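S.K.: Here is how the chains run, residue by residue.
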Amino acid sequence: MPRPETMLLHIPDGFLSVGVALACWVLMVLVQGLASRRALDVQLGGRAPLLGIMAAFIFAAQMINFPVAGGTSGHLLGGTLAAIVLGPWPAMLAMAAVIGTQAVLFQDGGILALGANILNMGVATVAIGFGVYRPFAGASRPIRLGAAAVGAWLSVVASAALTAIQLAVSGTVAFALVMPAMVGVHTLIGVGEALITVAALSFILSTRPDLIDATAGAGGRMWSAVGLGVALIAAALSPFASADPDGLERVAEDLGFEGLATSAPFAVLGDYLIPGIEDPALATILAGVLGMTVVLGLAIGASRLWRREPAPG
Amino acid sequence: MHVHALDRFEARDSALHRSDPRLKIVLTLAVALSNAALPDGSWLAMGCMQALLVLAALAGGLRPWYAVVRSAVALPFMLAATTVAFVTPGVPVAQIALGPWVLTPTVEGLERLASIVLRALLSVQVAILLTATTRVPDLLHALGHLGVPSALVSVVGLMVRYLTVLVDEAQRLMRGTQSRSAAGPDGTGGSVFWRARVAGSMVGQLFLRSYERSERVHQAMLARGMDGRHLTLYGHVVRRRDHALAIIAIVGLIAVHIIARAIPIR
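In the order they appear, the protein sequences are chains E and U.
With our numbering applied, the first sequence corresponds to residues 1 to 313, in that order.
With our numbering applied, the second sequence corresponds to residues 1 to 266, in that order.
Careful, some of the hints might be misleading.
Unchecked claim - Per the computed footprint, the stretches of chain E lying under chain U, defined by three or more beta-carbons under 8 Å from a beta-carbon of chain U, are: (1) 85-94; (2) 107-113.
What the hints assert, rightly or not - Where chain U lies over chain E, by a calculated footprint (3+ residues, C-beta under 8 Å): (3) 145-151; (4) 203-212.
As the list claims (entries may be wrong) - Selected chain U positions facing chain E (in silico; Cβ < 8 Å): (5) Asn35; (6) Phe77; (7) Ala120; (8) Ala170; (9) Phe207; (10) Ile248; (11) Val251; (12) Leu253; (13) His257.
Please keep in mind that the hints were generated in silico from the structure rather than gathered at the bench.
These figures come from a predicted structure and were not determined experimentally.
C-beta atoms are modelled at their ideal positions from N, C-alpha and C, and glycine is treated no differently.
Isolated chain U, as found in the complex:
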């Protein structure tokens, strides 16, 4: 796994890259919260929220639709919500005969489904923008300042550092297994239990390799005076542009909610 799989854009320079990571984390949470609180069917407010996110992408030096396109990662889960289209009582739209039963989507149900999906897509985009405009060490440093237990912060920091190393290790194990194993016409061999045992042994093997690596890393860190904290070269100072960003974001979110509640939905 290439190291840039994680941070293709975070090392760039833009207005959003330069703002305080603590502020960006708080704003990310605020936007996620605000999205969750948008009422069903407030299409105009959701459109305004999307416009704000496109502006944020531009402020982050990204393509305007960068986060929109990548938000498709959340789509598969949305099929679980399709049930609301049929179980919400309301005006029936159509009758879909499916084997022994008839599915009756209602206007209210479809509206609720669309609202859930749009809220989910809007919220995914904030996380995408946060990671695309913030370096991981800065993110961790800011989490520490925001009250996340230092043990958890250093665990996350070291985890992210060794993620690519261990994913590579896992891929080497899988490649080795594949090259040693003959496969039948359906692409598999042996019984399911045998295959499960092979996979489990790989997990065990990966654990031992990781554990022994962690002991070496630990000793190397102790030898160099590491105390588990992650330091950053970029000091976190709240500047005037951070105040401006905070004010713009808060005014924007309030405006979205006023639109959502003031303008009649139907």
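If we strip away everything but chain E, and leave its shape as in the complex, we get:
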């Protein structure tokens, strides 16, 4: 089952330091424990079949893609769509089931890294997507779809930013290079997510609006606050959010990545000034973006070559 693009978000084991992996596990267990208590009707009302099959739906929906250009394709991660059609807590359980199954049965993402993967792809996406959508749930159809689009896009970009942060804190990648690269690539991938989410919602709103209206009021304003809070944190950490070219260095310093971030320009670029750009910080960021675009291009190309054989039979 080829899903090459999402592989960039499925962290394998070995890439996170023990501390980061365990911290993410603890956080993930707390959130999922809360989610399974909040989604109590799943147990009491015996609604598990509904949610189990909805989780299988998300897994299958991730396989549906559309060609964009140059062999790349748009596809769905599904956190925002799941949150809107299932409600946020059940969606977190369903996404955890999907990501856990991908890790254990398909080895797509590591077991020790499962905490981080579920947080990034199954908790942050749901919280942000629903948080952005929730204030507009009662609005007119175009506004609802617009909010869903923004939520879907933001959720994917934030998920990529979180992944880059976890990898950088683990010392596995160079923050100064991977952060802009992950956010940059997922700015585009997020557009695909937004387009599919909107089209799917629009289809469901035309045929079974009752299914979406049932979850629209879930959780009140709390979700708006949670979602926008997480999105703001992610945006503040993103070097793209800062108009100040030194923003990246400042963020790195604040978070204690100083060593990694400042060692980058000297080691990567013997002569790192790009002609015509005087500001060394800006030149570093640009060089980082260029360099990682090449590396990520290679990564996507290689993952296409390595994509798994179709299932036998």
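Fit chain U to the supplied structure of chain E, relying on the hints for placement.
M.R.: Showing chain U alone in chain E's frame:
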């Protein structure tokens, strides 16, 4: 999608197949944790870990290199780690001119890169061995015993049960779209937005089909007295061989870490 795409080996019989699934899950986590804690450049310890995994594959009645070969699924992600080869300060190995800049891999950087890749490959193999030697219902049952919320366990159980059904449904939708759509010379037609809308409508269609199926399944289950739990025919009893497996595994992991720390790296 064929049902055996998921479980080609799990229904076999071997020493590893017969051991307690709870123990296997705990050991899988322990090995993943142990691998993550191996220091950079502890090549001998990593080799010993690999030897333990090959022994485990043999105990599971699999080809010795079964998990090694399949661990290649984790390789594409490793390209993201290539940056450490260039940014870790240390003794430069070479200078690679790439357009306007020069990449300088260092000894320390390459060592770190190789360590990350090897640790990742070792950890993927444990998950492969776990799924190849444990039936899914047993895995779920054991997760319940290990404290995973029962709501989540029954969601995962039903998800795995209907995974193949819905993947088939998605493939039918995609086949239908392909057979109705003419393609241009580049293999695509219409604008990107049009194609995105078609894909999104398929997702919406798949959602409605899944939702209506889930309602039918729910009613059928209620009619048969299902309460969401998954039962297994194979009772989970810790036997003497489980103690033996646990002791061997723990001694093995401790030995690997002693080797990693006692033997100088360079």
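S.K.: A separate judgement is required for each hint: does it hold in the structure or not?
M.R.: Status of the hints after comparison with the structure:
1. Counting residues of the region 85-94 of chain E whose CB lies closer than 8 Å to any CB of chain U gives 3, so the stated coverage by that chain holds, three being the minimum.
2. Given a C-beta distance limit of less than 8 Å, the hint that chain U covers the region 107-113 of chain E holds, as 5 residues qualify and 3 suffice.
3. Counting residues of the region 145-151 of chain E whose beta-carbon sits less than 8 Å from any beta-carbon of chain U gives 0, not enough to reach three: the coverage restraint is violated.
4. Evaluation of the coverage hint for the region 203-212 of chain E: fulfilled, as 5 residues show C-beta separations to chain U shorter than 8 Å, against a requirement of three.
5. Restraint check, U:Asn35 versus chain E: the minimum CB separation of about 7 Å is within 8 Å; hint holds.
6. With a least beta-carbon distance of about 5 Å to chain E, the hint placing U:Phe77 at the interface is held under the 8 Å criterion.
7. Interface restraint check: U:Ala120 against chain E, minimum CB-CB distance 3 Å, threshold 8 Å, status holds.
8. Proximity of U:Ala170 to chain E holds as hinted, the smallest CB-CB distance being about 4 Å (cut-off 8 Å).
9. For U:Phe207, the interface hint holds, the least distance from its beta-carbon to any beta-carbon of chain E being 6 Å, beneath 8 Å.
10. Because the beta carbon of U:Ile248 sits about 20 Å from the nearest beta carbon in chain E, more than 8 Å, this interface hint is broken.
11. With a least beta-carbon distance of about 21 Å to chain E, the hint placing U:Val251 at the interface is violated under the 8 Å criterion.
12. For U:Leu253, the suggested interface contact is broken, since its CB lies about 14 Å from the closest CB of chain E, more than 8 Å.
13. Violation of the interface hint for U:His257 is found here, the shortest Cβ-Cβ separation to chain E being roughly 12 Å, above the 8 Å cut-off.
Of the numbered hints given earlier, the model fails hints 3, 10, 11, 12 and 13; all others are met.
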